[in-house]
Each structure stands twice: as C-alpha cells, then as structure tokens.
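Student: Sequences listed follow chains A and B, in order. As numbered in the numbering used here, residues 301 to 656 make up the first sequence, in order. As numbered in the numbering used here, residues 301 to 656 make up the second sequence, in order.
A hint or two may mislead.
A pair holds if it fits inside one copy or across any two, identical chains being indistinguishable in the list.
Computed cross-link-like contacts, DSS-like style, restricted to lysine-lysine with a CA-CA straight-line distance of at most 30 Å [unchecked claim]:
1) Lys-652 x Lys-598
2) Lys-303 x Lys-477
3) Lys-598 x Lys-649
4) Lys-472 x Lys-609
Keep in mind the hints are simulated off the structure, nothing from the lab. Predicted model only: the values in this text are computed from it and were never measured.
Protein chains: 2
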Amino acid sequence: MSKVYAVIMAGGAGTRFWPASRSLRPKQLLPLAGAENETLLAATVRRLRPLVTEDRVVVVTGEHLAEATARAVPGVPTPQILREPAPRNTAPCIAWANAMIARLDPDAVVMVLPSDHFMTDEPGFQRVLAAAVASAERGRVTTVGIVPTRPETGYGYIEVGDALDGEARAVKRFVEKPDRARAESFVAAGPSSYLWNAGMFFFRVRDMAALLTRHLPAVASGVARMLEGGEALVHEVFPTLESISIDHGVMEKAEGLAVVPGDFGWNDVGSWQSAWELADRDPNGNALGPSDLVIDGKDNLVRSLGASKKTIALVGVNDLVVVETDDAILVIPRERAQDVRLVVDALKKAGKTALL
Amino acid sequence: MSKVYAVIMAGGAGTRFWPASRSLRPKQLLPLAGAENETLLAATVRRLRPLVTEDRVVVVTGEHLAEATARAVPGVPTPQILREPAPRNTAPCIAWANAMIARLDPDAVVMVLPSDHFMTDEPGFQRVLAAAVASAERGRVTTVGIVPTRPETGYGYIEVGDALDGEARAVKRFVEKPDRARAESFVAAGPSSYLWNAGMFFFRVRDMAALLTRHLPAVASGVARMLEGGEALVHEVFPTLESISIDHGVMEKAEGLAVVPGDFGWNDVGSWQSAWELADRDPNGNALGPSDLVIDGKDNLVRSLGASKKTIALVGVNDLVVVETDDAILVIPRERAQDVRLVVDALKKAGKTALL
Numbered sequence: 301m302s303k304v305y306a307v308i309m310a311g312g313a314g315t316r317f318w319p320a321s322r323s324l325r326p327k328q329l330l331p332l333a334g335a336e337n338e339t340l341l342a343a344t345v346r347r348l349r350p351l352v353t354e355d356r357v358v359v360v361t362g363e364h365l366a367e368a369t370a371r372a373v374p375g376v377p378t379p380q381i382l383r384e385p386a387p388r389n390t391a392p393c394i395a396w397a398n399a400m401i402a403r404l405d406p407d408a409v410v411m412v413l414p415s416d417h418f419m420t421d422e423p424g425f426q427r428v429l430a431a432a433v434a435s436a437e438r439g440r441v442t443t444v445g446i447v448p449t450r451p452e453t454g455y456g457y458i459e460v461g462d463a464l465d466g467e468a469r470a471v472k473r474f475v476e477k478p479d480r481a482r483a484e485s486f487v488a489a490g491p492s493s494y495l496w497n498a499g500m501f502f503f504r505v506r507d508m509a510a511l512l513t514r515h516l517p518a519v520a521s522g523v524a525r526m527l528e529g530g531e532a533l534v535h536e537v538f539p540t541l542e543s544i545s546i547d548h549g550v551m552e553k554a555e556g557l558a559v560v561p562g563d564f565g566w567n568d569v570g571s572w573q574s575a576w577e578l579a580d581r582d583p584n585g586n587a588l589g590p591s592d593l594v595i596d597g598k599d600n601l602v603r604s605l606g607a608s609k610k611t612i613a614l615v616g617v618n619d620l621v622v623v624e625t626d627d628a629i630l631v632i633p634r635e636r637a638q639d640v641r642l643v644v645d646a647l648k649k650a651g652k653t654a655l656l
Numbered sequence: 301m302s303k304v305y306a307v308i309m310a311g312g313a314g315t316r317f318w319p320a321s322r323s324l325r326p327k328q329l330l331p332l333a334g335a336e337n338e339t340l341l342a343a344t345v346r347r348l349r350p351l352v353t354e355d356r357v358v359v360v361t362g363e364h365l366a367e368a369t370a371r372a373v374p375g376v377p378t379p380q381i382l383r384e385p386a387p388r389n390t391a392p393c394i395a396w397a398n399a400m401i402a403r404l405d406p407d408a409v410v411m412v413l414p415s416d417h418f419m420t421d422e423p424g425f426q427r428v429l430a431a432a433v434a435s436a437e438r439g440r441v442t443t444v445g446i447v448p449t450r451p452e453t454g455y456g457y458i459e460v461g462d463a464l465d466g467e468a469r470a471v472k473r474f475v476e477k478p479d480r481a482r483a484e485s486f487v488a489a490g491p492s493s494y495l496w497n498a499g500m501f502f503f504r505v506r507d508m509a510a511l512l513t514r515h516l517p518a519v520a521s522g523v524a525r526m527l528e529g530g531e532a533l534v535h536e537v538f539p540t541l542e543s544i545s546i547d548h549g550v551m552e553k554a555e556g557l558a559v560v561p562g563d564f565g566w567n568d569v570g571s572w573q574s575a576w577e578l579a580d581r582d583p584n585g586n587a588l589g590p591s592d593l594v595i596d597g598k599d600n601l602v603r604s605l606g607a608s609k610k611t612i613a614l615v616g617v618n619d620l621v622v623v624e625t626d627d628a629i630l631v632i633p634r635e636r637a638q639d640v641r642l643v644v645d646a647l648k649k650a651g652k653t654a655l656l
C-alpha cells in the first residue's frame, strides 16, 4: 500500500461566524462544533489519525494565518504548513502541495480535505476515506460525495454513474448549484443518483500531476519553478498563478473519475444555524453555556466566547442566535444567520477594521 | 416664605433593570433616562435647584446603599443622608426625615419625592412643585397628581374634587390600582377627574407631625426617641417601627388634602420598556450606543454598559431589549420587560448571588 498524505485546505477567510470569526481568526480556527475547545482544523487532522499521522499532513493556509494555524495543529511539521502569499483558489494550492509531496514520495496517494467541515460519525467517515484511498490507488482520481438529506441549493452535486471496484462509482458529471426544483428532483432520484460535492479529492500524486500538466499547464509549470527556487520564488510566482478552483480547472475536464458515496453526518458548518444544529441542546432546543439561561424560549443558540464568560439570559425569545466575544455581541434570528455578512459589510464600510 | 426642604426617597431595591440594576446598584443609581451619565437620583436633586438647594435636601436610603448614594449626590451634606437599618416602607422614613427637619426649622415646608422618576418637561415640573409648595404653605397637605395619558392599571389614582386656592384642587379620595375597565373610565372622565398618584407629597413639618401623632402614634414616638438617642437608637428603634406606606398610614385617613394636577412628561421609569420610551431613538425607533448597529430591525433598545463598550449588532429583530454589563447579557422583548424578574428569581434560586 502506498503512503497516504493529507492536504488540508485551511485558507478560508469566512465572515459567516462574525463576531467569533475574524480576518485573523477564521472559521477553521474556531471550536464551532464537537468538543468545546477543539478547532475545526484540529478536529479535521485528528479524525485522520487512523489513516494519516500528522507527519504526513500538509496544511495550506494564508501567510497572515500561518502562525495561528501552526498553533492549532502543533503536531504538523512546520515545513508542511504552506503559506500562500495571496489567495488563488484551490487549483494552485493543490498543485503546490501535490508537487511538494511528489518530491517526498513519488508513489504517494493524496487526500485533499477542507479544514472546516464536521462529521458526527467519525468511524463512518474513516471507512469512506479508506475506500476512496483504495480507489485512488487503483489510478482513479476519486471524490467523496455526500448522500443528500435535503434539497439544498447551496452545494454543487455529482451525478453518479456505474459501479466500479469496491464502493466506488463512476462520476457521470459535476452539476453546478441547482435551483430549488432541480435540487428536489435530485433528492427524489434516490440516494445513489446525486451526491453533494464536499470538496474532498483522492489521487496518486502522479495522476494529479498529469492532469495539471494537461488542463492547467501554466499552474503546473509555475509550481515546478516555485519548488526549485524556494521561499523567494513562492512570493514571486504564486500570486501570478491563475486563480481557479480544482473543480473547474481539473475535475470537470478530467475523465474516468470515481466517487465514493458517504453518509457520516457531514456538515459544512456554514453558519450559526449549522453550529446550532451541531451543538448539544437542552430539551427546549436551546444550546447554552453552563452559566447561561433561557426562560420561556426555545431553539436558541447562545455563545459567550469572551474572556469574561458572561451569563447570558434570554426571556421569551425563540430561534435566536446570541453570540458574545470580547469586543462585540451579535443578535440574529437563526434563519437569517447568512445575513451576518451584512454586519461585516457595514463594519467594513464604517472603517471599523478592528472588528473585522 | 418658609424654607423648603426636599426629602428624596432613595431606598428602592429594584430588580426590573437587571442586569444593570443590582442589589448594590439599584435603579435610582443608574443613568436610565436623560443625560448619559446622570443617575436618576442626581437628576432628581438637580431638577429641584431653583426651589431647593442641595444643603436643604435629605436623602433616605438603605444602610448598604449609603456610600453609593452619597457619591451620586456629592452636594448633599452627609448628615442629611439618612441610612435606614432595615426597610420599613415610606411612613417611618418620612416620619424620621420630618422630625429631623423640624429640629432644623419648625416652620419649614417639606416636599417628599421619589428618587427614580423622570420628567421630560423640567420647567413645567418646577412650576407644579412651586404651586404644590404654595398649597402646603397654606396648611394643606398636598400631593401632585399626574394627568393620565393611558388607562394604566399599575398605578393608584386620585379622584379630584372642588377647586381650592391657585392650582390646587381638593382630594376627594385615593383609589387603589384599578382593573382595566375602571382605568378606562377614569381616563374617559377627562383630565381633571382622576390623576395618577406619583408618590409626591408637600406639607409643613408641623402638619405632618400632627398627622403622624394622630394616625401612626407609635411611629411618631419611635422617631422622637431615635432623634434624641442618635445613631445607636436608630439601629435599635427603626427596625421595630410599623412597616407601612405613607399613603395607607396617613394620606388615606387625613382630611382636607389638596392635589395639584401635573402634566410634565412624567415617567416612573418602571422597566426597560420605559427606558426605551425615554431614550433618544433613530428614525427606525432604535435606541443605540454610538458603536452599535441594527440592520433591518426597528424599535430595539440596545445598551452596552460594560467597561469594554462592546459593539452590539442586531440583524432582523424588532422590539427587543439587549443589555450588556460586565458580567451579564439580557435579551428580552420590550413588551415582556417586566419579566426580567423571572431571571432575577432564577439566579436567586441557583444561588448566583454575584449576579444579583
């Protein structure tokens, strides 16, 4: 069996968890689900341990986030924390990590994973990872598709084709975010027809290198130059690479792709709404800290994240998100959680950079 | 003209402004209306200045509040801050202050005023005070009745009788808090028929002394003993005095009372709802601090009273009260503002005395 490496995509900025998330403390560096003090990034690395130990984990993040990222995953060797001098979407970043791993082990298999998702069924997730790695080892670029639980219009879908080896199926095609009616038809088609694209990819380094050379040759050669020249060339070359996603730049053009269906309580922790869904809740549906209280109210998310650990008391309100940090408080209905960006926009416009 | 003294009743505990109000920081010691940094007590004393300077102000408060009270009204001579060793309602406290003032000036006229109300029309209030003092000087125990603006069931009413001298009318009788139907009939009867009892009383010290001797003789003699014996006797005697209001103990039994109608934007600042009514509001009805923001919401009250002066951001919520202090945050609909007591009760039950 080949050595397996993990590339964790941890460059996200993320304003959807304001006031907890900030430009220097994005979502993946926050403990938004699961154990109280474990960041989403740390949980992502920990979950891989049966398959990939930390010495074979590569984390790609922004230069300004590198130190905080390193602190969040102290077991990952510092040279394996790649610092993007500028955000260029996922293709250049995967190309860089892939080339780096190829130099360590040209026979390696790589799994690319987001740093800010959550899975309630970790053993189930690990079984799917193993199946996807096995598929990649057979020379097929493989993705994991999430079995849909609702007609979600916010994700891309993967149309599933014929059965391949093991649990792998052929990818018929990638489908852009659908409208409501199409999303409903996808779910109605049954669990093995359309899957959510969760941004997880598995491949042999040589297969990805070949795909990049073919579909994004400038990115492939730029990355090769960078690796020869070291740090200085990263700063010179990386910002000039085409800003394009691995989906658009490679996956949608490649042939012979495989997908392994996954059903392990996946959640992309997309908003405070997701955080509420994933939180421990009392019989009234309230997710509270130990010193908070809700009187005559249900289904609220209450988070005191400041140093002072205030008591937050809610009376007679339902379905609210109330979050406190050291310098800000947010109150928003759960169903409007996406509109947190309106606050971030307003603060930006007002020049309140300290709050961003 | 007689010398006029003011007795300010500042013993209130007040849980209705939690988390701002606490046992050691009750409502009258908070800046809940008007100028940003002026406590209700300080505003009460300042408003009297054209009629009563601070050297003739007596403040009655609880022993545990004496220091904070003295700090709030630094111009009031310390011996005139009376410290009740135990709360005994208003009659013993007025009797004590009255006896004390009688020794300073047996010809004095006294006005008794709550410490925690607010008036938007200060000149109008001062004109009514002057009229009430003039009525008291003529030997009539006088009260000020507020012209009702709504069928309020939370206040007692005064039924108005014949015209007397100047603006004074006879008090026909005091009416207990009415039910809704009666309150509506009071308002329908017109502005000169029923007035709100706002707990303001005006009298010559000798007239009040005579009334106390007649209707509450034990209180009157107890107070006389206290004044002879000094501090030690206050501790011995005061807690033994009958706990009774001046309304029940004296006013409802006395004859020949006068009332001066007042219409000066009176507000008893009874809850966060009142605080919202009295606050400066933006065109959307939101009362905010300078760094707070509301997006797509109206008629909210937002108060950041902690040392850190956090930015409070509300999105898509209406009619909410959001208050932050150094150790707590409250979120409650304005119309349920009275239910703040439920939080206080719950904290009491949980033994969280630091938050009370």
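Student: Compare the structure with each hint and give your call.
Tutor: Consistency of the hints with the structure:
1. Lys-652 x Lys-598: Between copies only: 23 Å across chains, 33 Å inside a chain, cut-off 30 Å.
2. Lys-303 x Lys-477: For Lys-303 and Lys-477, the Cα distance exceeds 30 Å both inside one copy (34 Å) and across copies (82 Å).
3. Lys-598 x Lys-649: Close across copies (21 Å), not inside one copy (34 Å); limit 30 Å.
4. Lys-472 x Lys-609: neither (51 Å within a copy, 56 Å between copies)
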